[in-house]
Amino acid sequence: MGSKVTAILVWVSTLILYPSMAAAERTDGILSTVNLPAAGSQIATEMYDLHMYVLYICVVIFIGVFGTMLYSVIVHRKSKGFKAANFHHSTTVEIIWTIIPFFILFGMAFPATQTIIDMKDTSTPDITIKATGYQWQWGYDYLQGEGEGIKFLSKISTPREQIRNEAPKGENYLREVDNNVVVPVGKKVRMLLTSNDVIHAWSVQQLGVKQDAIPGFIRDAWFKADKPGIYKGVCSELCGKEHAFMPIVVEVLAQEEYSKWVAGQKQESAEPAVDVNKEFTMDELKATGEKVYAGNCAACHQANGKGISGTFPGLDGSKIAVGPKADHIKMVLNGKAGSAMAAFKHLSDVDIAAVVTYERNAWGNTTGDLVQPSEIKAFRN
Amino acid sequence: MSQEANHYYIPTPSTWPLTGAIAIFFMGFGAAFTVNKLPIGYVSLAIGFAILIYMLFGWFGTVAKESESGKFNKQVDSSFRWGMGWFIFTEVMFFAGFFGALYYMRVLSVPWLGEMEIAYGTSVWPEYAAGWPTAGPGITEQFTPMGAWGLPAFNTALLLTSGLTCTWAHWAIKLDKRSQLKWSLFLTIALGALFIGCQAYEYMHAYSELNLKMTSGAYGATFYMLTGFHGFHVTLGAIMLTVIYFRVLAGHFKPEHHFGFEGVSWYWHFVDVVWLGLFVFVYLL
Amino acid sequence: MAAVHHPDNELGHEHEHHGPPAGIMRWLTTTNHKDIGTLYLWFSFAMFLTGGVMALTIRSELFQPGLQIVEPEFFNQLTTLHGLVMVFGAIMPAFVGFANWQIPMMIGAPDMAFARMNNWSFWLLPPAALLLISSFFVPGGAAAGGWTLYPPLSIQMGMGMDMTIFAIHILGASSIMGSINIVTTILNMRAPGMTMMKMPLFVWTWLITAYLLLAVMPVLAGAVTMLLTDRQFGTNFFNAAGGGDPVMFQHIFWFFGHPEVYIMILPAFGIVSQIIPTFARKKLFGYSSMVYATSSIAILSFVVWAHHMFTVGMPVTAQLFFMYATMLIAIPTGVKVFNWTATMWRGSMTFEAPMLFSIGFIFLFTIGGFSGIVLAIVPVDIVLQETYYVIAHFHYVLVSGSLFGLFAGTYYWLPKWTGNMYDEGLAKTHFWCSMIFFNITFFVQHFLGLAGMPRRVPDYALQFADFNMISSIGAFGFGFSQLIFLYCIIKCIRGGPKATDEVWEGADTLEFTDLPSPAPYHSFETPPKVK
Ligand code: HEA
Ligand code: HEA
Ligand code: CUA
Ligand SMILES: [Cu+2]
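Chains as they are written, first to last, in this note's numbering: chain A, 1 to 381; chain B, 1 to 285; chain C, 1 to 531.
So that you can see chain A by itself, here it is in the shape it has in the complex (with noise of 0.2 Å):
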């Protein structure tokens, strides 16, 4: 009998510790592991708050009704001589049970009511950027405030030596991506959500951030952050077989250095763009080809291209790749409606003729054919 005692007494002491725990946590900033991270924006703090508020009660109430039950298990038993007393009903106590619940939950709806309404409150952003989810990357474009106009793509960067146990794990493993998404500090930043796919959330932990991206359909959220730093977060919502390696990382400057470093990204795009008009050679493009290719195609078809059968068709000797060009073109742009293949339209013209060049010329496949970007352009409009 001791030790069921032991027993429950170690469970309700974790339970009674681990607020104390993890209210510690919270002050030294560094990431938790057994609680939510320090809050990085002001909707985050509450919703940290609610958390720990919420938990407190519960585990009040817990301790109240193990309590009682557990004097009860150790006093009331035959083993000890009790003898059964025979009540069964009393309208008072159930009201009593009935109605305090009742003003508990109360409590605790009401300051959450608050922090819903302000977390859905997106009018009037400094920022507006759009966020479509792809499978399985992510593409930000600035749609409003300084930084208007741009663009990028961005995607896990942890290499696949370390995911397949073939090199050590880096201390940001799975936590890192190719281009950060930047936002100054202070500032009200209005993220829309949508997805060229099939249905991923764009979630960052600290800033109180999580939406469905919703393919067809657009989403709205929003944050301040209350401090610079690197703010982490992944795709929650099951997106397919990569679901797990499309990581969020936000990074959040100073004013001025947010100012430089969109200046930056506007030099960068103004620096005459490849001329899609250039002539390209077989070399340069199966070169470029082949990293768009590892880039956004290789999940599925594999880098092998031999695709995995029954799910993902190979495209070394596929009927489409040494077939007519315009049709391959067409998947590529188009995808195919009803199938995993989407529609890659996002990527430039110059990567698309790279990547169909690159298909038509690999492995097995020996079309000799050569797609210039130009051939995209036409058949882009």
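Hints may be right or wrong, so weigh each one.
What the hints assert, rightly or not - Examples of chain A residues lying across from chain B (beta carbon under 10 Å, computed):
(1) I127
(2) T128
(3) K130
(4) L253
(5) N277
Hints were generated in silico from the structure; no laboratory data involved.
From the three backbone atoms N, C-alpha and C, an ideal C-beta is built for every residue, glycine too.
Keeping the supplied structure of chain A fixed, place chains B and C with the ligands upon it in accordance with the hints.
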């Protein structure tokens, strides 16, 4: 033998359910393979159907025999009533799902798709003006919606009349007027069959002249799924009525004991009511 | 204790049925509620092991960061099928098994209302299970969109998804027939004097559960049918381009899905409400409020579904409505917890395995309920949705809730079913192992979720490594603890000390007071008189 049994009738072990399960096994795999265009699917589906029909004949035949030999007492009879009642309730919920989908699209998702620009300053479908009926923002093929006052109104009249003849049959059975019973049942079935015929004609008309298809976006999908499932239920009801008709010809049912008939008539009325819902929400509004 | 009589002897010899036919045909063709109950129970246990093996594979992959055992695509298939198999294959059929065995005996009926259809309800399950499991072996593999089957991801899947859809249709048909049977039996076949408000709570909870099933299974059937036509016949229910909405699927699914979780817990409430009074040797406290609470939970369950969708971006009013409605469920559930506590209060308790599992149930279910309340608070759900916190929440209510309830019920009624007493020592070992390993597995998942580990991932960031390792170790411990259960049951079926007719000192329902142990093949052909 008309003496009421004094015990609740518990059937002896039976192979019919197992036969039914085997049928469903073939049909389940068959359907999954068929929709993926594997030839073996059709074979499996056909085998499954054949077994199912065999099972239905056998099972219902047994029940009819048990019923006629007086094995079902009052309590068994009321079990059937509860059972049939709740079964119809599940059918109501099934249709509620599809009506819900229709209303969700009409009232929520289609307007959202049209108002995106206003709400977010940018839109996935900039060109789209919401309205109903619609094929949705991404489907360019045009179609003409189905009007309410032609064939559909006639169909409404057909089904309502068949509801009346069905009730007439019920009176006939209660008053033991066998020839009236036969006639009214026959009429009910004929009206049902005519309804199905009209519905089939309407589909052909929709496909060939209105260019209204399953693939015509929200309108096409809800139109065909709702009317299609309803039509399927009418067909089932008509088949059940036909079975009842043959049982009547064979002299089954008594004025005070005829739940086989009543259950089917409940079903028929249910199908009727669903049609009214369809007529109003799919065709009229 | 009322006199135990043997209806077999009293009964006229007019009937066809004496004993069961011998051999395999007994099980294939049976119309006997006890045989069918047994079939359900074994089937669900087999499914539990199947789903459990999938869970262990998941936990093995998650033992360490990095991909080591399975590919991501296969991992998603495992997660999906683990959820589907456990929910539709293990927990639900197990409760139907209990209903079959117990309801006729508890209300004094000779059998289920539709005995032959009852057989069909069961024999539909194996083809459905076969469809589900064999979908692993078709090109493209099993469905990998999560047990919630959200489109458009589920539109992308291969043939395995169609097999899953048809399996769900068949399972749904089986549940509907089972529920019609249960409702009819309870409403129409009670012994004289067994008024509604005298029915044992297990019967009450099942009546309400059956109503939930009747209301929501057809809706699920509709949802997956739309999924099927979207996949194969070009409809656009869940496609914005055609004016549909992927989120509409979520609404329809959760309109089914939330009542579904109560379908999996209410019968467990019923079982526990039978056991606690028995071992406290004291009448259940607040019988009628238990009935009202159960009904309130059922009714409320229809208006809370969107709490699974707080992140889809609904209007603020919808979020508020669904938050308030969800929180309200704590009140009737609380009434139940308090009533159980009050029943134990000043009882004369003993702690055999059924009682241990019942107490374990209340204790851990309440933790799960509290994490449910935490999740119901929208702003908190925003940070926790789709993380391991949710996984922890629902394993607390499903494993230490539904499953522990099933264990409790099994030990409670096993002596009545087999006529033999089970091995109490083994059963207690089973309890303590389950209790400890369960918590090791799932308690730490709260931490993982809070710290941000997403669910449905085969790989995770390094900060989550420690707790995942602990959780995986716990899972193996928990899994192997279930082998004790299996052994204990087989041992009890094979023999053991003879159980008395009453079995437990404090038991007062008809199967204990009016029937011998083991319960005869046909019980109550003449209805007992209930005072
Ligand atoms: C048996 C199954 C079961 C049960 C009983 C419950 C019970 C509850 N669940 Fe749970 N839930 C699931 C199974 C279940 N759930 C599953 C499977 C999922 C995930 C599905 C998926 O996404 O795959 C889920 C997910 C889920 C979510 C969505 C999380 C997310 O995805 O973001 C939410 C949010 O509100 C929620 C809430 C609740 C609540 C409030 C209850 C309440 O009913 C709990 C009530 C009980 C108590 C509160 C304890 C006892 C009460 C007292 C002692 C009284 C005093 C208490 C207070 C005043 C607080 N559940
Ligand atoms: C209904 C009940 C139910 C039950 C009982 C369980 C039981 C368990 N579950 Fe499950 N789980 C779900 C329902 C359930 N689960 C659902 C609905 C999901 C969501 C799916 C989704 O996201 O879509 C989920 C998801 C889920 C996940 C998250 C997966 C992910 O997000 O990727 C995890 C991870 O730890 C997990 C673990 C476990 C474990 C360790 C058990 C253990 O309790 C299992 C213990 C049992 C065994 C281990 C079997 C024992 C047998 C042997 C050891 C013997 C072997 C013998 C032979 C082969 C003969 N479950
Ligand atoms: Cu994108 Cu998960
Ligand atoms: Cu829910």
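Tested hints:
1. I127: 13 Å, violated
2. T128: Since chain B brings a Cβ to about 7 Å from T128(A), closer than 10 Å, the hint holds.
3. K130: 7 Å, holds
4. L253: Violated - the Cβ of L253(A) stays beyond 10 Å from chain B, reaching only about 25 Å at its closest.
5. N277: Nearest chain B Cβ about 28 Å off; hint violated.
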